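There are 2 protein chains.
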Amino acid sequence: MAELLRVQGYAATGIQQLARTAGAPTGSIYHHFKGGKREVVAAALRQTGAVYIQLLPLLLDQHADLATGIEAAFATAADDVGHTGWANMCPVGTVTGEIADVEPELREVAAGVIASWVDEGTRYLASRGLSDADARAVTYAVLSALEGGFLLARGQRSAEPLLAAGRAISTYVATLPVTAPASAENQST
Amino acid sequence: MAELLRVQGYAATGIQQLARTAGAPTGSIYHHFKGGKREVVAAALRQTGAVYIQLLPLLLDQHADLATGIEAAFATAADDVGHTGWANMCPVGTVTGEIADVEPELREVAAGVIASWVDEGTRYLASRGLSDADARAVTYAVLSALEGGFLLARGQRSAEPLLAAGRAISTYVATLPVTAPASAENQST
DNA sequence: GTCACTCTAGAACGATCGCTCTAGTGGAGG
DNA sequence: CCTCCACTAGAGCGATCGTTCTAGAGTGAC
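Going down the list, the protein sequences come from chains A and B. Under the working numbering, the very last position in the first sequence is 329; numbers go up by exactly one each time. Under the working numbering, the very last position in the second sequence is 329; numbers go up by exactly one each time.
Derived from the structure by calculation, the hints contain no laboratory data. No experiment lies behind these values; they were computed from the predicted model shown. A few of these clues could be false.
[Said to hold, decoys possible] Label-pair restraints from in silico Cβ distances:
(1) A/Ala227 to B/Ser271: 42 to 52 Å
(2) A/Thr319 to B/Gly252: 43 to 53 Å
(3) B/Pro197 to A/Gly163: 49 to 59 Å
Even for Gly, the Cβ is constructed at its ideal location relative to N, Cα and C.
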């Protein structure tokens with residue numbers, strides 16, 4: 141479901157196509173999602189949002205140094221994009237770009253998903269020793285660079301944008317002050 | 141022409157709508173663009189690409205320090221996005237996200253536009269004293285952060301993503317070595 | 001004037017869109 | 001057994017899509 145959105149975007153993905161790949165007739169879709177296409181897409185975005193945020197600690201916990209962890213995460217993303225034939229990685233990004241000025245309800249759903257990423261990212265980075273303000277700024281910077289990097293990487297069929305973006309954000313993070321590392325839990329000053 | 145693409149994207153923008161806003165009948169469009177919608181969009185992308193790259197020196201020449209110039213440029217972009225009611229800023233980004241996996245010919249056009257941005261940006265930054273490799277990496281990082289920042293800013297209706305991204309890239313650039321000021325009046329030390 | 005040609009103008013075409021509607025199926029409760 | 005109801009199944013609706021087609025206006029050469 142999110143797969144098609146990821147690759148084709150909102151407008152190019154039809155309800156009938158969704159139904160076909162789901163093995164269900166169109167009628168059933170409208171039975172379960174009274175709101176039609178918009179509601180189906182909203183559900184897909186929310187689900188994707190919930191799944192993707194779980195990757196954050198998985199990718200970063202394994203690196204003691206935050207900056208190197210971030211650069212490694214971007215490198216992993218670059219690898220993934222390349223190995224899937226430059227397919228898109230994030231339906232939230234694709235769909236948001238397409239509908240932000242044109243589908244107010246979906247835009248709000250996308251905004252909610254992004255906001256949840258920002259909250260989660262800020263909390264995680266604060267637990268890694270960044271100030272709250274820095275943690276929030278870094279989260280936004282990472283998300284911007286990641287979404288933009290995905291976009292350019294797909295357009296150019298090259299990992300270079302993602303690698304460059306990762307190096308930039310990583311270098312930035314390395315300049316930020318880190319308070320006493322709090323092993324596995326939130327810092328408790 | 142590019143206006144509609146910017147706001148609505150590729151799939152949601154119809155030939156008849158393009159014709160209407162251009163004041164021409166559909167027949168005329170097919171007379172001038174035998175390739176149909178694809179060719180019209182390709183022309184719009186190429187034109188936009190040529191126009192946007194001219195902004196680069198306009199925005200950065202006025203700052204003696206490259207890092208502060210980049211942060212200021214992101215802040216300007218954030219201002220613009222806010223003042224236009226969170227309208228999209230870059231049709232190339234919107235369209236690329238939508239068609240990269242689905243319209244090979246247009247993807248190549250978009251890739252060409254982006255490549256020209258990268259070339260121009262690399263040349264400019266090298267003239268400001270960065271090594272060629274750094275200049276290219278910074279250009280990719282700036283473009284990634286900018287496109288991603290636009291995306292998030294539109295989705296969230298907030299300038300925060302762009303400002304955070306700008307600060308990140310700026311801080312990154314400030315860590316890079318700058319050789320003797322190259323030519324003309326571009327210098328900071 | 002006539003001819004050739006470019007370009008305008010928009011009706012019309014088939015396909016496909018999101019969505020609605022009716023008919024039918026399957027299983028739980030009485 | 002029958003009834004009820006959630007759900008399946010897909011035909012059909014009007015609208016709109018990208019595209020093609022025909023008809024005619026404008027212009028320069030002869």
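Hints versus structure:
1. A/Ala227 to B/Ser271: 42 to 52 Å: 33 Å Cβ-Cβ, so the 42 to 52 Å window is violated.
2. A/Thr319 to B/Gly252: 43 to 53 Å: 47 Å, holds
3. B/Pro197 to A/Gly163: 49 to 59 Å: Distance hint for B/Pro197, A/Gly163 holds at roughly 55 Å.
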